[in-house]
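*Asks:* Letter by letter, the chains look like this.
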Amino acid sequence: MGPEHWLYTIPLRLRSLFRWAQADQELDDELRDHLERKTQEYVAQGMTQEEAHRRARLDLEGIEQTKEKCRDARRVNWIQDFMQDLRYGLRMLRKSPGFTAAAILTLALGIGANSAIFSMVNALVLRPLPVDTPNEVASLASQPHGFGSSNGFSYPDFEDIRDQTTSVFRDMTGMQPSHMDGFSMNDQSQPIWMSYVTTNFFQVIGISPALGTFFQPSDGRIDGSDPVLVLSYTFWKNHVGGDPNIVGRSASINGRSVTIIGVTPEGFGGVYSIMDTQGYLPVGMATATLDSPKDFLTNRRVGNIEILGRLKPGMKVGQAQPILAIVARRLSAQYPEIHKWDWLQAFPGGPLNAAPQDAAVIESMAAFFLLLVGLVLVLACMNVANLLLVRAAARQGEMAVRAAFGAGRGRLARQLLTESLLLAALGCGGGIVVGVAASRSVNSINFASAIPVVFNVTFDWRVLAYAVGAALLTGVLVGVTPAVRAARGNLNPLLHESSRTATGRRQRARSVLVVAELSGSMMLLIIAGLFVRSLQSVEHSDLGFDPDHVLNLTISPTDAGYDEPQASQFLKEFLQRARVLPGVESASLAATIPMGYYNYGDELKIEGYETPPGQQQPIAGYNAVSAEYFRSVRIPLIRGRDFLDSDDRTSQYVAVVNEEMARRYWPNQDPIGRHFTTRNDSTHPIQVIGIAKNSRTQHLTGSFRPFFYRPFAQHYLTPVTLQLRTALPEATAFHQAVDLIHSLAPAMPVFDVQTMTQALDTLNGLLLYKVGAALTASLGTLGLLLGLVGVYGVVSYAATQRTHEIGIRMALGAARSSVLKMILRQGLIVTATGVLVGALLAGAIGRLARDLLAGVSPMDPLTYACASGLLAAVSLLACYIPARRAMRVDPMVALRYE
Amino acid sequence: MSKPSDLVQGTLDMLLLKFLALEPMNGFAVSQRLKQVSGDVLQVSDGSLYPALHKLEQEGWITAEWKTSEYGRRAKYYSLTRLGRRQLEKEADNWGRLSSAISRVIKLKEA
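As you go down the protein sequences, you meet chains A and B in turn.
Reminder that position 810 of the first sequence reads as 840 in this note's numbering, one-by-one numbering, no gaps.
Reminder that position 103 of the second sequence reads as 1177 in this note's numbering, one-by-one numbering, no gaps.
Honestly, the hints are just simulated from the structure, not real lab data.
Wrong hints could be hidden among the right ones.
[As the list claims (entries may be wrong)] DSS-like, lysine-lysine: derived pairs with alpha carbons at most 27 angstroms apart:
(1) A/LYS97 to B/LYS1141
(2) A/LYS97 to B/LYS1092
(3) B/LYS1109 to B/LYS1141
(4) A/LYS97 to A/LYS324
(5) B/LYS1183 to B/LYS1092
(6) B/LYS1109 to B/LYS1092
(7) B/LYS1109 to A/LYS97
[Claimed, not checked] Where chain A lies over chain B, by a calculated footprint (3+ residues, C-beta under 8 angstroms):
(8) 1121-1134
(9) 1147-1158
Beta carbons are placed, not taken as given, at the ideal position from N, Cα and C, and that holds for glycine.
Generate the whole structure from the sequences, applying the supplied hints.
*Replies:* Structure, rendered in structure tokens:
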């Protein structure tokens, strides 16, 4: 259709849209004019005035119907209808505020819970990396034979892989995993979460600086050269005051002076989805500011470089796999003593995606919680659908009148659907408010860490789309049944139903609705119970040490510019003074704390132990600790001796091993006095001097792994945690300790200051269990509430519908108590069915949660019993209240009713 | 919208356009003319006529104007637009082709 067409039609459409009243008036005039003339004509043919008028009207086939057809002929009608429906819907909602409030609140809770959970999933799984064209970016992982897959590579391997895959990858960047360093500027020190990257990092991810420049290709070629630092926007803004003239200023990282050359753009938090990388140095600087081996740029045996590649335009990740497989084979053939790679693959997205096991766990967790919260939405929908059905029954009269006034069946259905969508829209608005509040509370989770964990749960367009989608679906789902009924237009069954007897079919449908609601609530309750029990179980599990009354203060002497001898001197002095502080029972040092974000491990060569063929070399975790450590954390020594202040670099290297290590590597022997060496330091044989009881180090669950302790004075590590066991109140003790540190070293930054109990609330520790329990408990409560409201609504409506029947029964001599019993018995049957069905379904989805639970079986009988009892009690209460009301019915009133 | 059953789909539009091509007239006059011309063969009820006129107006083929009629009363007069004239030609062409094709078929001799 040409422009000429629009020239005519647009003004018409606009007119019918905005001058609606006038257009309608004209239609009225036109038809009245026609009627009058037609009547005159019939009169002229000899009819009486009355007869003529009747005939003219008949010819028009009903004035109102014809008018409606004429309105239909105007295309924009649907907009008008919609506006009209909307106005009408709003009026209806205003007229019954109780119903409206209940429906909107229910939907808001359902949609809010959904968008909150979805926003977490979005933050963890869906949101793409904050880089240019994120779908071109992929990260690499390899599968060394006999080990778990790994996304860490040596620097020479990185260079080989980069150079041999140029046919599919435009470029590749390598990154040392982030590391906590000390940042000092203007005599102020603070921790900084640093990434050491190849100089093409920013080109590969494709961002430009907010201030200054990024690295030059020549930076960082020579290890330890080019001390140039790029800061993240948030670090620049929040930690160094957002100074616009920061470029060119000097600062220091771990005591080594660097020049700040640029700031990343706002909103860029690095390529790890939940950790905010705060600063970047060229990878060559890792030897200067970290304890990386001096030769890590050339040594193929060491290094933990993560590789991020940018595919050539139009290339798919799948096209890279065959090329990577060839490279893997080539490198494995070239360095057979180093590499035995089963595969080398690219994974779309950032380095976290290249850890397939972790990604799979996160995805299945996400799916599980979406399932649970979807269930909440279904419950909310059922409640609102039920409310709407009840109302639809009450509105039959109104519908009949509207039909008589020329409204088509479809039009009536549309009206009802508009009303339910209006409810859904209002519910969606409320849901977004609920969702934002809920995700705020998720954002405020304390991760017990100086590492900038940003669980950045925000409402971006994805979450908004999800919420609106959920609302739309809800609106259609809850509106469709009443709408279809209206469209089917057979008002007779509706009329019949509302009269004397409810038909058996309706009754059954209502029972099915109640059973469905109850089983949904039951599933949510059981899952909540399982998670709460799981949390209790890990909280009360035997850690193998005693976290009470222990304070942790983490410092990094390197950040204050201390080298090892200076730091040792400082730590020695600190311990001496701390031990005589009032209230302090013991003071010690440790390189790592249990469930912390640092841990160390090494491959061992054990005297007298042959690695059985086909098994991997012995690997053990370790901690470097000072004398009195075992007293501070109360890990019992089973045999042998504790470390002494005299165990230092000049004496025999020694270790205390845990029971598991003793059992595994010296079976049926006495390990004390035996020796082993570590791969990192094969020149100093370590003598076993004691055996400690097994204790939890990295995981709260699972079997114990081989672990050993070595004297801090023989194995210096930084940062280091000072531990005090003290009888004083926390706050006083912290104050005391921080004062002592600063009296000895005024510029020493103290990172984490927390009790050992707080320190357990980490991602490795209790945090996930606590978050899981809190989430499922909220969903369970919501489910119980919705179930209660649903059952109450259905039962009380059914009771009202049966008022007449109950009246007859009572008039015929039924006792009040037997009426009560009748309604309660039905409630009981429905409740029992709901609980049973819910329990069966919970058994099925509980299995999905098996990996997320600790110390409790997914079929935990106590949980099932408690959930059943609670739900049954609540459900019977919801039945009892309307039953009592029905029982009070006066037979005379009931019979006269209607 | 219900259509008179004895009119081929779309022909009512063509007839209305043709009438209005002869002279602008109001709805009542169109209904009279329909009856006169077709000699009661084409039964178009008033209830179908007005929605059809409104549809044509909405399509931009005819345009309406309020004028004082010969009886001294305000009435709505419809007239053909340029677009409507083109549409009429198109439909008339189609109709010609269709009817000649059908009559050729009907005139086929039985063997």
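*Asks:* Is B/LYS1183 within 27 angstroms of B/LYS1092, Cα to Cα?
*Replies:* Roughly 34 angstroms between the alpha carbons, so the hint for B/LYS1183 and B/LYS1092 is violated.
*Asks:* With a cut-off of 27 angstroms on the C-alpha distance, tell me whether B/LYS1109 and B/LYS1092 pass.
*Replies:* holds (14 angstroms)
*Asks:* Does B/LYS1141 lie within 27 angstroms of B/LYS1109 when you go C-alpha to C-alpha?
*Replies:* Roughly 24 angstroms between the alpha carbons, so the hint for B/LYS1109 and B/LYS1141 holds.
*Asks:* Mind checking, does the region 1147-1158 of chain B have 3 or more residues with a CB under 8 angstroms from chain A?
*Replies:* Coverage by chain A holds for the region 1147-1158 of chain B (7 residues, Cβ < 8 angstroms).
*Asks:* Do three or more residues from the region 1121-1134 of chain B put their C-beta atoms closer than 8 angstroms to C-beta atoms of chain A?
*Replies:* Our answer is that it holds, as 11 residues pass the Cβ test (under 8 angstroms) against chain A, meeting three.
*Asks:* Decide if the proposed pair is consistent with the structure: A/LYS97 and B/LYS1141, CA atoms, cutoff 27 angstroms inclusive.
*Replies:* Satisfied, since the Cα-Cα distance of roughly 21 angstroms is no more than 27 angstroms.
*Asks:* Given the hint that B/LYS1109 pairs with A/LYS97, does the C-alpha gap stay at or below 27 angstroms?
*Replies:* holds (22 angstroms)
*Asks:* Decide if the proposed pair is consistent with the structure: A/LYS97 and A/LYS324, CA atoms, cutoff 27 angstroms inclusive.
*Replies:* violated (90 angstroms)
*Asks:* Next pair to validate is A/LYS97 with B/LYS1092; report whether the Cα-Cα distance is within 27 angstroms.
*Replies:* holds (24 angstroms)
Violated hints, in rising order: 4, 5; the structure is consistent with all others.
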